Amino acid sequence: MRPDPSAPLAAAAARRHELTRAKAIQALRELDRAGTPVTFASVAATAGISRSWLYTQPDISGQIQRLRAAARDPAGDIPAGQRATDASLRARLSAALQRNQSLTDENARLRRQLARALGEQRTARTRSGNDPAP
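Counting in numbering that gives the first Met the number 0, the sequence shown runs from 0 upward without gaps.
These are calculated hints, taken from the structure and not from any lab test.
Take the hints with a grain of salt, since some may be wrong.
To be verified - Listed below are the simulated SDA-like cross-link pairs for lysine to any residue, each with C-alpha atoms no more than 25 Å apart in a straight line:
id	residue 1	residue 2
1	22	61
2	22	83
3	22	48
4	22	56
5	22	90
6	22	12
7	22	1
8	22	40
9	22	84
10	22	49
11	22	57
12	22	64
13	22	50
14	22	96
15	22	39
16	22	69
17	22	51
18	22	38
19	22	8
20	22	43
21	22	86
22	22	32
23	22	7
24	22	58
25	22	47
26	22	33
27	22	70
28	22	36
29	22	34
30	22	115
31	22	41
32	22	45
33	22	92
34	22	2
35	22	11
36	22	52
37	22	10
38	22	35
Computed from a predicted structure; not experimentally measured.
Start from the sequences and build out the full structure, keeping to the hints where you can.
If you want it as structure tokens, here you go:
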């Protein structure tokens with residue numbers, strides 16, 4: 000019995016397919032990490048593969064579509080590894096609220112000091128007879 004002559008071709012095609020998948024996935028990671036817009040064209044150009052092949056791969060095309068949708072989100076311009084967590088945003092909000100409260104208290108204290116100084120100034124003018132008010 001003769002060996003199947005198409006077996007080496009099938010093996011080569013499978014290796015080429017896996018290499019192409021690896022290039023596409025690597026390109027997706029690089030583009031997302033760099034904060035570059037992820038599109039079918041940018042992934043194809045970065046990986047050196049065809050756009051039409053990307054559309055035939057449901058998992059890769061789904062990932063591209065998810066990253067494109069995330070780019071429409073205001074936080075989408077920031078690479079995933081650099082986006083703020085909910086905990087850090089809450090901590091920043093808490094610090095901002097505390098700073099706001101301290102500035103409000105300082106503002107109230109300064110207003111009281113100014114009112115007191117203006118009152119003392121008016122009293123001094125009244126006693127010296129230089130008060131223009133009746």
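Margin query: Checking each numbered hint in turn, tell me which of them this model violates, lowest number first.
Written below: Hint check: 2, 5, 7, 9, 14, 21, 30, 33 and 34 fail, others pass.
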